[in-house]
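Q: Residue-level listing of the chains:
There are 2 protein chains.
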Amino acid sequence: MYSVSIIGSGNVAARLGHLFRKKKFELAGIYSRNKNAVNALAVELKVPVVQQLKDLPQADLTILAVSDNAITHVASHMPVNSKTLVVHTSGITTLDALMPHERRGVFYPLQSLSKNKETNWDNVPLLIETTNRKDEELLQSVALQLTLPCHILNYEQRQYIHLAAVFANNFTNRLYAIAFEIAGMHGLDPTLLTPLIQETAAKIKCMSPHDAQTGPARRRDSATIEQHVDLLRQHSQYRQLYEIMSRSIIEALASESA
Amino acid sequence: MYSVSIIGSGNVAARLGHLFRKKKFELAGIYSRNKNAVNALAVELKVPVVQQLKDLPQADLTILAVSDNAITHVASHMPVNSKTLVVHTSGITTLDALMPHERRGVFYPLQSLSKNKETNWDNVPLLIETTNRKDEELLQSVALQLTLPCHILNYEQRQYIHLAAVFANNFTNRLYAIAFEIAGMHGLDPTLLTPLIQETAAKIKCMSPHDAQTGPARRRDSATIEQHVDLLRQHSQYRQLYEIMSRSIIEALASESA
Numbered sequence: 000m001y002s003v004s005i006i007g008s009g010n011v012a013a014r015l016g017h018l019f020r021k022k023k024f025e026l027a028g029i030y031s032r033n034k035n036a037v038n039a040l041a042v043e044l045k046v047p048v049v050q051q052l053k054d055l056p057q058a059d060l061t062i063l064a065v066s067d068n069a070i071t072h073v074a075s076h077m078p079v080n081s082k083t084l085v086v087h088t089s090g091i092t093t094l095d096a097l098m099p100h101e102r103r104g105v106f107y108p109l110q111s112l113s114k115n116k117e118t119n120w121d122n123v124p125l126l127i128e129t130t131n132r133k134d135e136e137l138l139q140s141v142a143l144q145l146t147l148p149c150h151i152l153n154y155e156q157r158q159y160i161h162l163a164a165v166f167a168n169n170f171t172n173r174l175y176a177i178a179f180e181i182a183g184m185h186g187l188d189p190t191l192l193t194p195l196i197q198e199t200a201a202k203i204k205c206m207s208p209h210d211a212q213t214g215p216a217r218r219r220d221s222a223t224i225e226q227h228v229d230l231l232r233q234h235s236q237y238r239q240l241y242e243i244m245s246r247s248i249i250e251a252l253a254s255e256s257a
Numbered sequence: 000m001y002s003v004s005i006i007g008s009g010n011v012a013a014r015l016g017h018l019f020r021k022k023k024f025e026l027a028g029i030y031s032r033n034k035n036a037v038n039a040l041a042v043e044l045k046v047p048v049v050q051q052l053k054d055l056p057q058a059d060l061t062i063l064a065v066s067d068n069a070i071t072h073v074a075s076h077m078p079v080n081s082k083t084l085v086v087h088t089s090g091i092t093t094l095d096a097l098m099p100h101e102r103r104g105v106f107y108p109l110q111s112l113s114k115n116k117e118t119n120w121d122n123v124p125l126l127i128e129t130t131n132r133k134d135e136e137l138l139q140s141v142a143l144q145l146t147l148p149c150h151i152l153n154y155e156q157r158q159y160i161h162l163a164a165v166f167a168n169n170f171t172n173r174l175y176a177i178a179f180e181i182a183g184m185h186g187l188d189p190t191l192l193t194p195l196i197q198e199t200a201a202k203i204k205c206m207s208p209h210d211a212q213t214g215p216a217r218r219r220d221s222a223t224i225e226q227h228v229d230l231l232r233q234h235s236q237y238r239q240l241y242e243i244m245s246r247s248i249i250e251a252l253a254s255e256s257a
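Chains as they are written, first to last, in numbering that gives the first Met the number 0: chain Y, 0 to 257; chain Z, 0 to 257.
Errors might be hidden in some of the hints.
For identical chains, the list gives no copy identity; a pair is met inside one copy or between any two copies.
Unchecked claim - The list that follows gives simulated cross-link-like pairs (lysine-lysine, DSS-like), each with its CA atoms no further than 25 angstroms apart:
| id | residue 1 | residue 2 |
| --- | --- | --- |
| 1 | K204 | K21 |
| 2 | K82 | K34 |
| 3 | K22 | K53 |
| 4 | K204 | K82 |
| 5 | K116 | K204 |
In case anyone wonders, no lab produced these hints; they're calculated from the structure. Since the model is a prediction, treat every value here as computed from it, not as a measurement.
When you get a sec, could you build the whole thing from the sequences and use the hints?
A: Structure, rendered in structure tokens:
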């Protein structure tokens, strides 16, 4: 079984740490600038905390689960050692951000990770990139032990899947928040929407989102659209969003029939 | 057990019909203008088809599961009979659209219903409105037999929950479609996004969407936002949507800290 060192104490570090622990990897050490967070996480993971980056224990795999803009800084201040494969977890950062390390890789799980919620890892794709075939095999073997399907993506592909994920996850969640807010403003329990939200997500497991599209814009029901726009007359930002989303649905239909 | 007649042959008529059948209601008859669709549905539901609206058999409950703009027309052309409670299934239509019927009601299940996919009815709220207490009790009793939680909403509340549902369901589904399209355009299997979509929806069962918000805009990571906007330079519509959604996330944060 491979040994792993972790840098970071945020959502990604926490969820990956728990996954590695559960799958019986050897956790060699953990480091983070955020001492309170890393101490708490280290207790959960039963892994030794290191106080300085330069003291990070050598492991088969070192995971930089830090924010995108910290990757270069951390990579340049940690021990350089050809015995460890150094990977980051970013969807939008190149391999070369990990210079001067000779063995560099990307280890990007395409999932929404929250520190305070256990992650459903079923079928979560692990998107990897390396500089050489041997390290590729190492990451594939790690994925196998984590029981995650593994895909090799180059930088351009990874950027686009990351962008797609922002639409599917971050923007979708923002729509949930707006829907909850609209309900709450009118004295309605927002959790009335929960089964609808679950079903909307479940549908795409058996039909394409294109085929699953419903609603006033899909039906070109301009009376309902106008009524909704009128309900939002006090909320220009949501009204604008309503109009743009509806237009997007209508234009997708039009380009289909064209 | 109550008897039910159904008007319509679309998504709502089909899914409600199956639910009533499963819960052992007596299906008295079904009518739709669309003869092919209603014949096929009638076979599935084992219910007699009526050829003309005026021949619709009298039942305890008559459900108009037709498009919003057809409700008034159908209501005015069907038999008037005080022994049946006539309900529509629309989130955005008043009770009075069902004139001249004396016993009018709304029977609005807050769920995304697709003809070709079985519906998960667990905890789906049934939103009702009636003109009198006795019919309210009848619908509450029907909801109980369907094992659906039942809520009495007035027209204004129903309009707003319908609007919220458009954000949570129709617009969310459109974001899924855009995400799938972005992935597909770059040779990536869109189903890579499926676990992420499921997890995003599952999260709101245990935390508010406000607390669940992640992503570049949530982190005010302007470098990533700029990079994503640049990736969308050929797709002005998606770029505009990206910018508006990101701004919406950033402004929600700002109003929180204000």
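Q: Take the hints in turn and mark each one as holding or not.
A: Status of each hint after checking the structure:
Taking the closest pair of Cα atoms, K204 and K21 come within 25 angstroms of each other only across two copies (24 angstroms); inside a single copy the shortest separation is 27 angstroms, beyond that limit. In this homomeric assembly, K82 and K34 never come within 25 angstroms of each other (Cα to Cα): the closest approach is 27 angstroms inside a single copy and 72 angstroms across copies. When the C-alpha separation of K22 and K53 is checked against a cutoff of 25 angstroms, the pair qualifies neither within a copy, at 27 angstroms, nor between copies, at 66 angstroms. In this assembly of identical chains, K204 and K82 lie within 25 angstroms of each other by CA distance neither inside one copy nor across copies; the values are 42 angstroms within and 43 angstroms between.
For a Cα distance limit of 25 angstroms, the shortest separation of K116 from K204 qualifies both inside one copy, at 23 angstroms, and across copies, at 11 angstroms.
In summary, the numbered hints that this structure violates are 2, 3 and 4.
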